[in-house]
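S.K.: Chains as they are written, first to last, in my numbering: chain A, 250 to 380; chain B, 223 to 416.
Fair warning: there could be bad hints in the mix.
To be verified - In silico lysine to aspartate or glutamate, EDC-like type, Cα no more than 20 Å apart, as pairs: (1) A/K270 with B/D364; (2) A/K341 with B/E252; (3) B/K224 with A/D285; (4) A/K269 with B/E408; (5) A/K312 with A/E374; (6) A/K371 with B/E408; (7) A/K301 with A/E374; (8) B/K224 with A/D364; (9) B/K224 with A/E307; (10) A/K368 with B/D249.
Unchecked claim - In silico contact screen, one side only, chain A against chain B (beta carbon under 8 Å); selected entries: (11) Q265; (12) S272; (13) R352; (14) A355; (15) S359.
What the hints assert, rightly or not - Take a look, some chain A residues computed to stay more than 10 Å from chain B by CB distance: (16) A264; (17) T282; (18) W283; (19) D291; (20) K301; (21) N302; (22) A304; (23) D305; (24) D323; (25) A324; (26) D338; (27) A363; (28) R366; (29) A369.
Treat the hints as calculated values from the structure; they're not laboratory data.
Computed from a prediction, not measured in an experiment: that's the story for all the values here.
Where is the CB? At the ideal position from N, CA and C, for every residue including glycine.
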Amino acid sequence: MTKEMTHLDVARRDAQELHKKISANIAKAEAATWADVKAVQDEAVALAAKMKNIADGEADAMKTDIKAAIAKLDAAGKLVQDKAIEGKDAIKRTNASLLASARNAAQSLSHAVADMRTKAAKAIEPKKVSA
Amino acid sequence: MKNYIAVVFSSGDKAHEGLRALWHLDDEGELTVHGAAVIRRDDMGHIHVADRNTDLGMRTAIGVGVGALLGLIAGPVGVAAGIAGAATLATGAAVGAGAMAGGIVGVTADAVTEDRRENAAGESFFTLKYGQSAVVAEVSEDWMSVLDAAMKPLGGTIYRRENNARTNAAFGPHYYNEYMYPYYYEPMYYPGMM
Numbered sequence: 250m251t252k253e254m255t256h257l258d259v260a261r262r263d264a265q266e267l268h269k270k271i272s273a274n275i276a277k278a279e280a281a282t283w284a285d286v287k288a289v290q291d292e293a294v295a296l297a298a299k300m301k302n303i304a305d306g307e308a309d310a311m312k313t314d315i316k317a318a319i320a321k322l323d324a325a326g327k328l329v330q331d332k333a334i335e336g337k338d339a340i341k342r343t344n345a346s347l348l349a350s351a352r353n354a355a356q357s358l359s360h361a362v363a364d365m366r367t368k369a370a371k372a373i374e375p376k377k378v379s380a
Numbered sequence: 223m224k225n226y227i228a229v230v231f232s233s234g235d236k237a238h239e240g241l242r243a244l245w246h247l248d249d250e251g252e253l254t255v256h257g258a259a260v261i262r263r264d265d266m267g268h269i270h271v272a273d274r275n276t277d278l279g280m281r282t283a284i285g286v287g288v289g290a291l292l293g294l295i296a297g298p299v300g301v302a303a304g305i306a307g308a309a310t311l312a313t314g315a316a317v318g319a320g321a322m323a324g325g326i327v328g329v330t331a332d333a334v335t336e337d338r339r340e341n342a343a344g345e346s347f348f349t350l351k352y353g354q355s356a357v358v359a360e361v362s363e364d365w366m367s368v369l370d371a372a373m374k375p376l377g378g379t380i381y382r383r384e385n386n387a388r389t390n391a392a393f394g395p396h397y398y399n400e401y402m403y404p405y406y407y408e409p410m411y412y413p414g415m416m
């Protein structure tokens, strides 16, 4: 119940912005280039690094979720670097993989944010008075 | 508590207001939205997902999730109805022939039996009548009264289903991901949606 931005909120916003950029790249369709892909891939790698720090401070269940999202971001990054298949199909596949990774990252972070908010809500919840 | 919600409105504009209000609650820390989208059932019975206005043509054949989610929110009968609903689901960018292509993907991906689909057909779209729109979302909420109070002035009717292992068992935990946006977006309406 606070508007103060935490490191979790910031990372979540980064993941949301990444998803928007990848969506915009996909919407370019045939006009999308490897330069577009590389730009978002760099942001995906940066987000993964930020999430690694966050995961360490989370409870075990949340840590597992976040680490799974990090693994997907890393895997999407490797798809760009490998680019065994050339051409527009490879760009489309890589963008689709990056989009799924960004969505996964945003959702795992939003669950972590929800967890944090629930803890804050419980802290201010009125206590029951026994008769 | 983690819930799937569908907030049904009389029009697309009202649903857009509902989506904005939902994300505003997230901004204020009153609840947390994990993903949300605006959908509409047109006068032909097709359900359309309103894409982000900058994503024209981004999506193809993603019919599997939304019908299943609507069915899930509707309850045990609706679970089956939702699957049947996917057969006539159209993505925002895919109207006409493309709409049916999306439906075919939905049905084959769900791999339901013919009997089950036939049984469900009469009760399809349990939560969404012709011409109505809805905000569908996955949320975490500590007090349900917060969302209730925000949607009531907009005329929204809220359906909830708890997001737990049992409710997810039929479809898997991430079936809805393809069409829900993890942030607020301006829904784009296509010809045939309004």
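S.K.: May I ask which of the numbered hints given earlier this structure violates, with the numbers listed in increasing order?
M.R.: Numbers 1, 2, 3, 5, 6, 7, 16, 27, 28, 29 - these are the hints that the structure violates, sorted from lowest upward.
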